[in-house]
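Undergrad: Chain by chain, the residues:
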Amino acid sequence: MDLNYTQEQQQFRATVRGWLEAHVPSAPLPSFDTEEGFAAHRQWEAKLASQGYSAVTWPKDLGGLGADLIEWLIFEEEYWRAGAPGRVNQNGIFLLAPTLMEYGTAEQKARFLPRMATSEDTWAQGWSEPGAGSDMAAIRSTARREGDEFVINGQKIWSTRAVYADWLFGLFRSESGSSRHHGLSFILMPLDLPGITVRPIRQLNGLPGFAEIFFDNVRVPANNLLGGEGEGWRIAMATAGFERGLMLRSPARFQKTAADLVALYQANRERCDADPAIRDAVMKCWMDAEAYTLATYATASRLAKGAKIGAEASTNKIFWSELDVKMHETAMSILGARAELMPHAPRAEGIAQWLDGFLFSLAGPIYAGTNEIQRNIIAERMLGMPRA
Amino acid sequence: MDLNYTQEQQQFRATVRGWLEAHVPSAPLPSFDTEEGFAAHRQWEAKLASQGYSAVTWPKDLGGLGADLIEWLIFEEEYWRAGAPGRVNQNGIFLLAPTLMEYGTAEQKARFLPRMATSEDTWAQGWSEPGAGSDMAAIRSTARREGDEFVINGQKIWSTRAVYADWLFGLFRSESGSSRHHGLSFILMPLDLPGITVRPIRQLNGLPGFAEIFFDNVRVPANNLLGGEGEGWRIAMATAGFERGLMLRSPARFQKTAADLVALYQANRERCDADPAIRDAVMKCWMDAEAYTLATYATASRLAKGAKIGAEASTNKIFWSELDVKMHETAMSILGARAELMPHAPRAEGIAQWLDGFLFSLAGPIYAGTNEIQRNIIAERMLGMPRA
Amino acid sequence: MNFSFDDQQVQFRDAVRSFLVVQAAPEVLREHWETTDSGRSPEMRQKITEQGLTALSVPEAYGGLQQGDLDWVLLLQEVGYHGIPDSLSDAAYVGVGIVAALEDEAFKSEWLGRMCEGKARLAISHPLNPLVHDAQIADLILLWHNDEVHAATPDQVGLELNPSIDASRRLYKLDWTPSDATRVCDAASGKAIWAQAVNRAAVAVGAQMVGLAQRMLDLGVDYSAQRKQFGKPIGSFQAIKHQMADIAVKIEFARPVLHRAAYALQHGDATLEAKVSHARLACAEAALLAARNAMQAHGAMGYTWEADLQMFMKRAWALESFWGDRLFHKQRVAQALFAADAQIGPGTTF
Amino acid sequence: MNFSFDDQQVQFRDAVRSFLVVQAAPEVLREHWETTDSGRSPEMRQKITEQGLTALSVPEAYGGLQQGDLDWVLLLQEVGYHGIPDSLSDAAYVGVGIVAALEDEAFKSEWLGRMCEGKARLAISHPLNPLVHDAQIADLILLWHNDEVHAATPDQVGLELNPSIDASRRLYKLDWTPSDATRVCDAASGKAIWAQAVNRAAVAVGAQMVGLAQRMLDLGVDYSAQRKQFGKPIGSFQAIKHQMADIAVKIEFARPVLHRAAYALQHGDATLEAKVSHARLACAEAALLAARNAMQAHGAMGYTWEADLQMFMKRAWALESFWGDRLFHKQRVAQALFAADAQIGPGTTF
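Protein chains in written order, with our numbering: chain A, 1 to 388; chain B, 1 to 388; chain C, 1 to 350; chain D, 1 to 350.
Since the hints were derived computationally from the structure, they do not count as laboratory data.
Honestly, I wouldn't trust all of these hints.
List time: in silico BS3-like cross-link candidates among lysine-lysine, alpha-carbon distance up to 30 Å [as the list claims (entries may be wrong)]:
#: 1; chain 1: B; residue 1: Lys60; chain 2: B; residue 2: Lys47
#: 2; chain 1: B; residue 1: Lys326; chain 2: A; residue 2: Lys326
#: 3; chain 1: A; residue 1: Lys60; chain 2: A; residue 2: Lys308
#: 4; chain 1: A; residue 1: Lys60; chain 2: A; residue 2: Lys47
#: 5; chain 1: D; residue 1: Lys232; chain 2: C; residue 2: Lys228
#: 6; chain 1: C; residue 1: Lys228; chain 2: D; residue 2: Lys228
#: 7; chain 1: C; residue 1: Lys108; chain 2: C; residue 2: Lys119
#: 8; chain 1: B; residue 1: Lys109; chain 2: B; residue 2: Lys308
#: 9; chain 1: D; residue 1: Lys232; chain 2: C; residue 2: Lys232
#: 10; chain 1: D; residue 1: Lys228; chain 2: C; residue 2: Lys232
#: 11; chain 1: D; residue 1: Lys173; chain 2: D; residue 2: Lys191
#: 12; chain 1: D; residue 1: Lys119; chain 2: D; residue 2: Lys173
#: 13; chain 1: A; residue 1: Lys308; chain 2: A; residue 2: Lys109
#: 14; chain 1: B; residue 1: Lys60; chain 2: B; residue 2: Lys109
#: 15; chain 1: A; residue 1: Lys109; chain 2: A; residue 2: Lys305
Now the stretches of chain B that chain D is said to cover, found in silico as 3 or more residues with beta-carbon under 8 Å [to be verified]:
#: 16; segment: 198-205
#: 17; segment: 328-336
#: 18; segment: 345-355
#: 19; segment: 364-375
Some chain D residues close to chain B (C-beta under 8 Å, calculated; not the full set) [to be verified]:
#: 20; residue: Asn129
#: 21; residue: Glu160
#: 22; residue: Ile165
#: 23; residue: Phe230
#: 24; residue: Gln296
#: 25; residue: Ala300
#: 26; residue: Tyr303
#: 27; residue: Thr304
#: 28; residue: Gln310
#: 29; residue: Leu327
From the three backbone atoms N, C-alpha and C, an ideal C-beta is built for every residue, glycine too.
Please model the complete structure; the sequences and the hints are all you need to start from.
TA: So, in structure tokens, the structure goes:
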């Protein structure tokens, strides 16, 4: 065990910090759930990509830096420290890309990854369906093979970013009459194909953060199949592992929120201490953000030694999502009567991040597999408890 | 709505207070889970009974005072305020007696109730079996009718007070081949009958607070059957309603603990405030003890108007049991390194109640139907949610 | 000792409930909030007036029904349940209470009479609330200034709109200068008036919170009975059941505290403040837990604008700091509980 | 940057684990605790010595293995898991650390040598613990007095037995008078020695807490797999599953904090105290939750003396305030976190 950064790692941090200090926009970009904001974030991604910063863990020839997980953690720390913009293409870069690298053909990798790194292509996910949320194996949308094409019919829902994204990846039932996790295929497609209708869904904040997607005889070239036909479930599970695992929520995000929360508490300390629970919650949040960071470094170190990611995927999901809610609830308490103000309200100046963050945090225990499902997974797969 | 006590109620309170001040032992009695303590508590019950105080809600001719529920609440408040001894015969007086009054024959009432009021007879309960805990309908102990007798075989477990008690009430399968809640009978029997073996079970504190009871062809006269043969489940459910409902845990108990906790906090205030969570927990505990009191008065008022006890049985059970744990956990935190000391340790002087109370509180979420079962009941019966 | 409501109170509550079920469906309210500047509907206000709500607190001498805090506490649970904007209780309950306590008979006559007829909206500006809701469409704004009561019309004050996450709320930062012309009550009398107003408002918020909690519980139970996953309604899973049961427990033990606070308000009580704040905390706890758990039961659907749940969640979040935030109310409880002469323990509740 | 243990450390841990599985079965330990005055077994101590545990911290110069805090933190999780009385860590880890830091070579030689041979029990008296455990059978008691280190034998001090709910603990109130004869280190040097001892002891308690949490989780999972109600193992019910999963999550996020604290101890760190206390809090939280939830999974069985669960629950309750209670450790974290020059936020962890 050695908890010192190497000289190379320190140098990497310094380089990233310097670049971000010079380039991070001084004013926050508009929300990427608006058309204007999406475009601005796409430009920012291109700027990141010019340095290999949009996808630091990717190989250099695909647009990344070939960074290892410790370097990724360092990058993320600097990124969040700098208050840089949210990552509009994270569905592609952090979720799809690792799967593509493992299961994609050389042609697919070359076709998709470089354009993903620069966000020339932005990606949305197509997992859930109206009858298949936590129960993902209940997918009913179909992909019927016809020669060199799949013909897609059905409906997806809760597709994050789909309103403005270029491409979709998702699971479709390619074997007629198959059930549950059999006979599914993992298919990629542009969202502007004929027969695709994207219906925005307004979120709590009023913005179209996700969408319903309807497929009416959409014809997708067969070379957009990822992995083998009928192999979709296995491949998707790998993706879900990444999602719930390390890369979806880097610890730096929560450390930034925790530090902001401490600052908010300190700035309102006399007022806050009227409710001793606040001081206690602030401390606990900071400790938990540290714990999440330490756990991630420990996992990264184990992976570097050749271990495989295991139950961390589920324990992480529960831990960060509940921490995020707790941090934002605490901030709401500190803000008191100002907490309810929309970010654009004049009196919300300087605190706009908290309501946005609070609303976003509430989605945490739900998406990427509800925390109830995660607890089932921990109980059954990690602890070996009997199935119902 | 009128939240003033009547003159009669105030007078009743004053009378009870005066008597208790004159009679409550100045030193705590030994634990009633010891032979010596059991005897001492039995004597105390007899003294209470001499005033009709052992069972204030019972009719006067059976040894009570004919008090209504408001008077019962007043009595309990005074009883806990005075720091009077625990009630060694509560299984009989508060659980069995209401059932006996509703389902017993005149002969049974006359035979059992007056001796119960004076604790000449003390009672243990025989619900659970090794395979029937939360799932009480899984009872397998049998009561075979032979002429004027039942022949009892099988085993009961977790019988509180059974080590020193005189009588047992419980459910036995009287219809051969019946299943679940069918074919059960509610039977009363002396614990010194031939064929009964009582095996004490040591609790966390090392004392035999409950027991296993083995029945080997025990012959019980048929006039000890309560209600009709095969009617046991319905009758027991009525008992369970009482148990989880009002009378098992009077609010005064928790108000006393809450007030003691506030005093403990005040006495250690400077030290306590190093952990702001303690102050917050103390406040919350006191508020919840008040809430429980108010809810009980509200229920008593509704019952006085003719309403029936409903889901209160389950919501009460959850609320008081979790409150009791929280209060004692908080006290343990305040006591710090002294919390672990056994009541007889020299350095535990003045704080002996807290460890005892902590251990006892931990049983709260388990006995009389675990809190998991109570939440199921609330969800299914009160909220109408679908069964699994 | 009788801790239950009179039949008459319950019947009035039931009548208002029946009215709201029909007239205040979520889609109706949402249309007001989402398509109008004021977020309010004159027709709805007229109907509410016809139900007697705006005259409820007005003394009989001024043409009102002269009902008390215990009547309000039942009604406001329904108001919360149905998502009626909370400016109603500010106007008809808290505001009327302030006006009725003033000495200027002409002023009282005018405004209490107009309230009875449904022809006035009152708004209230108090330091506990940095922003004033419905100030723009108020006919009269009652303003705190160093314990004095002032009154002004919207055109006499500067108004800066500050949108809330709760689409029903129209919040304004006020810019105004107190003067002899605006003063309607001096500080000596005003102090008690404002103290009573704060306690009433806190009970009103608490009552609405309990109603909101019940509504969110009902929505969670309903949704989880319909929504199927793994071939079963998700409401049959123990995790969801227990989340719903937890809300039910919180509600069961918040309501009596709320009702006791209303009684204390109506009858006066030495520790009124602590009783009111305890109620406020217990009710808010129920509502916030209901929001969390009902959203979890709704899954992604709970995160949408489309699902009605959002209306009630957002109200609960907004009300959490309205008329005193958690810090304020905890401090009031602490002051009473940790006072040297605090009366606590068995037998001290009433 | 490599936040993982060396293979050698893991292998040593595994070896000790295998030893404890065989030698420290619950029934063996209980017999010591319930049937002997001391609660200790010379045979067991001998075996532990043979495993190298009593010599682990002793510098090579004195015949020991000279291993560090990171080795201990792995081993002590096993010690906790198997319910070995915590006096072991006080003697072989904390106590040896104190002795090794002294200057008196003769004293060190004698006691470190005896530790290596398993021929000494050390007990420690420090103001954080009002009572001293195993004082009666100690061969040497190290005593704090105004930052000085003193040493005495049991016959030189008054001992008053104070039984603990944890049947393994033999706690004594000490009555003694510091003198030149007992002093082995002055306050100037002693201050740092005691500070390190407190931090070591806190990490040791934390490590045992994590081990206890894991043990109680395992017991809860095992029992709920066997125990049937309603025709199914209760472990198949979601409520029990989630209670067990919650323990697992707490453990997962306590361990790395604990390991970082051990690293900080071994390598020195400017904010060592906060790191140690954070670890201590996180580990205790896991253990206390494990006790609650495992008991709930056990039902009435968890409330018995007979079920092994009680051994581990009681240890967790006792350790919760050993070498600094929650208040002490929270305050140390707060001092670091809320300091004007606190370094927090992304990139400040290491």
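Undergrad: Hint by hint, work out which the structure violates, then give me just those numbers in ascending order.
TA: No numbers; nothing is violated.
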